[in-house]
Amino acid sequence: MSIIRLAVLTGFVVFSVTAFAEKPEWVGKGKPGEEQVESHKKEVGEKNEDAQDEVEKGKGEKRAPGDADKKKEKAPKDKLKDKKDKEKKEKRLEDQKELDKGSEKGQEQRANRKKWWRFWE
12 MSIIRLAVLT GFVVFSVTAF AEKPEWVGKG KPGEEQVESH KKEVGEKNED
62 AQDEVEKGKG EKRAPGDADK KKEKAPKDKL KDKKDKEKKE KRLEDQKELD
112 KGSEKGQEQR ANRKKWWRFW E
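Numbering (the working numbering), first residue to last: 12 to 132.
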């Protein structure tokens with residue numbers, strides 16, 4: 012019985028301490044007012060204008076994250092398709108070579124075997 016009382020008392024102490032803790036300053040202030048939102052927009056706009064001016068003057072180069080990718084030439088879709096087709100043909104040849112190996116019984120089993128990753132077949 013004393014163990015139960017001790018457990019309840021310990022639980023009460025742990026939870027009551029968190030209930031009476033002081034709240035941080037920023038809690039409960041709600042949404043910012045219209046004036047704060049407008050001033051924030053102005054500050055951000057000024058920072059963007061300053062950054063654009065620096066780029067135009069050549070003092071510093073600021074790039075968007077995707078600019079580096081744009082400079083690299085992308086392979087045409089035809090080349091990618093050809094590469095994929097070539098890989099598929101090679102895979103088929105490997106599968107065929109595997110089927111030709113071993114005894115007749117083993118060949119039959121491999122021909123009828125379903126791959127675990129092809130669960131839709």
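Just so you know, these hints were derived from the structure itself, not from any lab. Any given hint might turn out to be false.
DSBU-like mimics (lysine-lysine), calculated; alpha carbons at most 30 Å apart, straight line [unchecked claim]:
| id | residue 1 | residue 2 |
| --- | --- | --- |
| 1 | 116 | 90 |
| 2 | 68 | 97 |
| 3 | 125 | 112 |
| 4 | 68 | 42 |
| 5 | 92 | 126 |
| 6 | 95 | 116 |
| 7 | 94 | 112 |
| 8 | 125 | 100 |
| 9 | 88 | 58 |
| 10 | 102 | 112 |
| 11 | 99 | 88 |
| 12 | 92 | 102 |
| 13 | 102 | 90 |
| 14 | 52 | 95 |
| 15 | 125 | 99 |
| 16 | 102 | 68 |
| 17 | 88 | 68 |
| 18 | 112 | 100 |
| 19 | 102 | 88 |
| 20 | 99 | 58 |
| 21 | 68 | 40 |
| 22 | 99 | 112 |
| 23 | 68 | 95 |
| 24 | 125 | 94 |
| 25 | 53 | 68 |
| 26 | 58 | 97 |
| 27 | 100 | 90 |
| 28 | 68 | 58 |
| 29 | 88 | 100 |
| 30 | 58 | 94 |
| 31 | 42 | 53 |
| 32 | 100 | 58 |
| 33 | 99 | 116 |
Quantities reported herein were computed from a predicted structural model and do not represent experimental measurements.
Here is how each hint holds up against the structure:
1. 116 / 90: violated (41 Å)
2. 68 / 97: violated (49 Å)
3. 125 / 112: holds (17 Å)
4. 68 / 42: violated (39 Å)
5. 92 / 126: holds (25 Å)
6. 95 / 116: violated (33 Å)
7. 94 / 112: holds (28 Å)
8. 125 / 100: holds (19 Å)
9. 88 / 58: The hint is violated at about 40 Å.
10. 102 / 112: Given that 30 Å is the threshold and the Cα spacing comes to 16 Å, the pair holds.
11. 99 / 88: holds (16 Å)
12. 92 / 102: The hint holds at about 15 Å.
13. 102 / 90: Status holds; Cα separation ~18 Å.
14. 52 / 95: Given pair residue 52, residue 95 is violated - Cα atoms ~49 Å apart, limit 30 Å.
15. 125 / 99: holds (18 Å)
16. 102 / 68: It is violated: about 55 Å lies between the C-alpha atoms, which goes past 30 Å.
17. 88 / 68: Violated, at about 38 Å.
18. 112 / 100: holds (19 Å)
19. 102 / 88: holds (21 Å)
20. 99 / 58: violated (52 Å)
21. 68 / 40: violated (42 Å)
22. 99 / 112: holds (21 Å)
23. 68 / 95: violated (46 Å)
24. 125 / 94: Satisfied, since the Cα-Cα distance of roughly 26 Å is no more than 30 Å.
25. 53 / 68: holds (22 Å)
26. 58 / 97: Violated, because 51 Å separates the two Cα atoms, which is more than 30 Å.
27. 100 / 90: Cα-Cα ~15 Å, so holds.
28. 68 / 58: The given pair, whose Cα atoms are some 15 Å apart, holds under the 30 Å limit.
29. 88 / 100: holds (18 Å)
30. 58 / 94: Violated. Residue 58 to residue 94 sits at ~46 Å, over the 30 Å cutoff.
31. 42 / 53: holds (18 Å)
32. 100 / 58: violated (55 Å)
33. 99 / 116: The given pair, whose Cα atoms are some 27 Å apart, holds under the 30 Å limit.
Violated hints, in rising order: 1, 2, 4, 6, 9, 14, 16, 17, 20, 21, 23, 26, 30, 32; the structure is consistent with all others.
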